[in-house]
Amino acid sequence: MERGLCLTTSLIWKALEEVKDPEIPVVSLVEMGIVREVAVDDQVVVIMITPTFAGCPALQVMINDVEARIRQLGAEDVKVEVVLAPPWSSDWITPEARVKLKSFGLAPPPVHGGRVEMTFFEVAVCPYCDSKNTVVKNDFGPTLCRSIHYCQQCRQPFEQFKAL
Amino acid sequence: MDDLNKETHTAIAHYLTALADDELVLAHRDSEWTGHAPILEEDIAFSNIAQDEMGHALLWYNQLSGLTGLDPDRLVFFREASEFRNVQMVELPKGDWAFTILRQYLFDAYELVQLKWLERSPLPILADPAAKIRREEIYHFRHTGAWTQRLGMGTGESNRRMQRALDELWPFAGQLFSRNESTWPLVIAGTIPDPVDQWSEWQTLVVPFLTGSGLKLPGEINSIAAERTHHTDHLSDLLLDLQEVARSDPEASW
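Order-wise, the sequence lines are chains P and B. Residue numbering for the first sequence is 0 to 163, as defined by numbering that gives the first Met the number 0. Residue numbering for the second sequence is 0 to 253, as defined by numbering that gives the first Met the number 0.
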C-alpha cells in the first residue's frame, strides 16, 4: 500500500458496490449479500465472500473481480476468503437489488425466512406485467439459481431467481 | 482441527471422502444425460442437478483438503477405483430414464435425512457444508419425487420400467445405511449420525411414497452390505471416462 494512503473498511465497501454479479450485471455482490465481511489490518485487506449456489461457476470470477477492484484502491495484499457459514440466503438480497432484478426481467425470489420449501406454494409474479397468473415451466433453468416460468396474462416466458 | 487424535482424524477423513465421492460419482452419472434426456426441460434439469452435485462434492473435498492437505483435483483424477468410498448405488450405469429418476429420488431422500442431522453436528467441518447443501437438495427431491409419481402412475409401460428400476436398486439401498468400522468412533462421539437410525427415518419417508406411486416393494433390504471400498466394475469404467483427460497430461495446468 502506498504511504499516506489510508484504506478504511467503508472505502472498501463502497468500492465493492461497483463489483457486479458476473451472471446478473445489474446488481452488485454487496447488494446480493455475497460479500459478508471486510477487514483491514495494517497492510492486509481481507474480504470474506460466500457462494450463492454451491456449484456456481461464477465464484472464481467473483474472487478475481473483488481482488482486482481492491488492488485498484492501492492495496497490495488482498485476501479473498470463501466462507460457508451461515449459508447464503436469497433473503439477503436487498430491496433495491430486487427492483433491479425485476427491471432485468428476472422475478426476485420470495422472502422465506429460512423455509425454502414454503415458497413452493407461491406463484411467481411476472416481472413484465405484474400478473400472478403464471405457471412454473421448470424448477431448473439456464443457471443454477434460476427457474423458468410462463405468464398466462402477457404470454411471456420469464425467469425467477430461485429462493435459497 | 490440530487437537484431534489420530483415530478421529482418520475417521473424519474417511467420512468426508465418502460424502464427496458419493456426490462426484452421482454427478458424473447425471451429466451423462446432458444432450440425451427425453425432453428439453429434463436435459436442463439434469444438467443443473449434475452441476449442483458436483458443487456439493467440491465443498466436501475442500473440507477434506483443509483437514489433510490433499488437493481435490489429485483426489478426483488420480485415485484408483479401490480408493473411492462411494456407495455402489451411485456408480451403476445410468440405465433408462426410470432408473435414473428412481436412483436420484432414493439418493435425494437419503441425503435429506443425513444432512438434516449433519447440519447440527458439533463439528463445523461437517455442519457448515451440510447446512448449505440441504437447502439446494430440497429442489432435487421435489423434482425427482414428482417424476417418480408421474412414471409410477403413468402408463403400463412407465410403471413396468419403474418397478424394474426399484427391483434393481432396492438391494443397493442397504449400503447407504450400513455401519462402518472406520467411522464408528464418530457415531460414539455424537459427531455423525448412526446410519441404522437413519435407515428407519428414510424408510418412513420413501416407503409410503413409493407404494402410493403404484410400486411394489421388493422385500427386505439386505442389511449385510459391501464395504465402501468394494465396487462393481462399473466404477472403473466411469473413472476411465472421468479421469482420461487429466491423466493424459498430469502436469497440465487448467
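Rather than coming from a laboratory, the hints here were simulated on the basis of the structure. Keep in mind that this is a model prediction, so the values were computed, not measured. A hint or two may mislead.
Heads up, simulated EDC-like pairs for lysine to aspartate or glutamate below, C-alpha to C-alpha not over 16 Å straight-line [what the hints assert, rightly or not]:
| # | chain 1 | residue 1 | chain 2 | residue 2 |
| --- | --- | --- | --- | --- |
| 1 | P | Lys136 | B | Glu40 |
| 2 | B | Lys115 | B | Glu200 |
| 3 | P | Lys136 | B | Glu200 |
| 4 | P | Lys136 | B | Glu41 |
| 5 | P | Lys19 | P | Asp76 |
Derived list of chain P stretches under chain B, where covered just means 3 residues or more per stretch with a C-beta under 8 Å from a C-beta of chain B [claimed, not checked]:
| # | stretch |
| --- | --- |
| 6 | 29 to 38 |
| 7 | 53 to 59 |
| 8 | 114 to 126 |
Have a look at the derived ranges for each label pair, beta carbon to beta carbon [claimed, not checked]:
| # | chain 1 | residue 1 | chain 2 | residue 2 | range |
| --- | --- | --- | --- | --- | --- |
| 9 | B | Asp248 | P | Phe120 | 48 to 56 Å |
| 10 | P | Ser102 | B | Ser199 | 48 to 56 Å |
| 11 | P | Ile62 | B | Val195 | 26 to 34 Å |
| 12 | B | Gly218 | P | Val45 | 21 to 29 Å |
| 13 | P | Asp76 | B | Ser247 | 33 to 41 Å |
| 14 | B | Ile38 | P | Lys78 | 54 to 62 Å |
| 15 | P | Pro156 | B | Glu226 | 44 to 52 Å |
| 16 | P | Glu17 | B | Phe208 | 32 to 40 Å |
| 17 | P | Pro156 | B | Ser247 | 38 to 46 Å |
| 18 | B | Asn4 | P | Ser9 | 50 to 58 Å |
Backbone N, C-alpha and C fix where the C-beta goes; we use that ideal spot for every residue, glycine too.
Each hint, compared with the structure:
1. Of the pairs offered as hints, the one joining Lys136 of chain P and Glu40 of chain B holds, with about 8 Å between alpha carbons and a cut-off of 16 Å not exceeded.
2. About 11 Å separates the Cα atoms of Lys115 of chain B and Glu200 of chain B, which keeps this hinted pair within 16 Å; it holds.
3. Pair hint Lys136 of chain P plus Glu200 of chain B does not hold up; C-alpha atoms about 32 Å apart against a cutoff of 16 Å.
4. Simply put, Lys136 of chain P and Glu41 of chain B have alpha-carbon atoms about 11 Å apart, close enough for the 16 Å limit, and the pair holds.
5. Under the criterion of a C-alpha separation no larger than 16 Å, the hint pairing Lys19 of chain P with Asp76 of chain P is inconsistent with the structure, at around 22 Å.
6. Look at the stretch 29 to 38 of chain P against chain B: 0 of its residues bring a Cβ nearer than 8 Å to a Cβ of that chain, fewer than three, so the hint is violated.
7. With a cut-off of 8 Å between beta carbons, the stretch 53 to 59 of chain P has 4 residues touching chain B; three or more are needed, and the interface restraint holds.
8. Counting residues of the stretch 114 to 126 of chain P whose beta-carbon sits less than 8 Å from any beta-carbon of chain B gives 3, enough to reach three: the coverage restraint holds.
9. Between Asp248 of chain B and Phe120 of chain P, the C-beta spacing of about 51 Å keeps the proposed range 48 to 56 Å intact.
10. Evaluation of the 48 to 56 Å hint for Ser102 of chain P and Ser199 of chain B yields a pass: the beta carbon distance comes to about 50 Å.
11. Here the CB-CB span from Ile62 of chain P to Val195 of chain B is close to 42 Å, at odds with the stated 26 to 34 Å.
12. Against the hinted window of 21 to 29 Å, the Cβ-Cβ separation of Gly218 of chain B and Val45 of chain P comes to about 57 Å, which falls outside the hint.
13. With their beta carbons about 38 Å apart, Asp76 of chain P and Ser247 of chain B fall inside the hinted range of 33 to 41 Å.
14. The hint said 54 to 62 Å for the Cβ distance between Ile38 of chain B and Lys78 of chain P, and at roughly 46 Å that hint is violated.
15. Look at Pro156 of chain P against Glu226 of chain B: about 49 Å separates their beta carbons, and that is inside 44 to 52 Å.
16. The hinted window of 32 to 40 Å between Glu17 of chain P and Phe208 of chain B is violated, with their beta carbons roughly 49 Å apart.
17. At about 42 Å, the beta-carbon gap between Pro156 of chain P and Ser247 of chain B stays in the expected band of 38 to 46 Å.
18. Separated by about 45 Å at the C-beta atoms, Asn4 of chain B and Ser9 of chain P break the suggested range of 50 to 58 Å.
The structure fails hints 3, 5, 6, 11, 12, 14, 16 and 18 (numbered hints given earlier, in ascending order).
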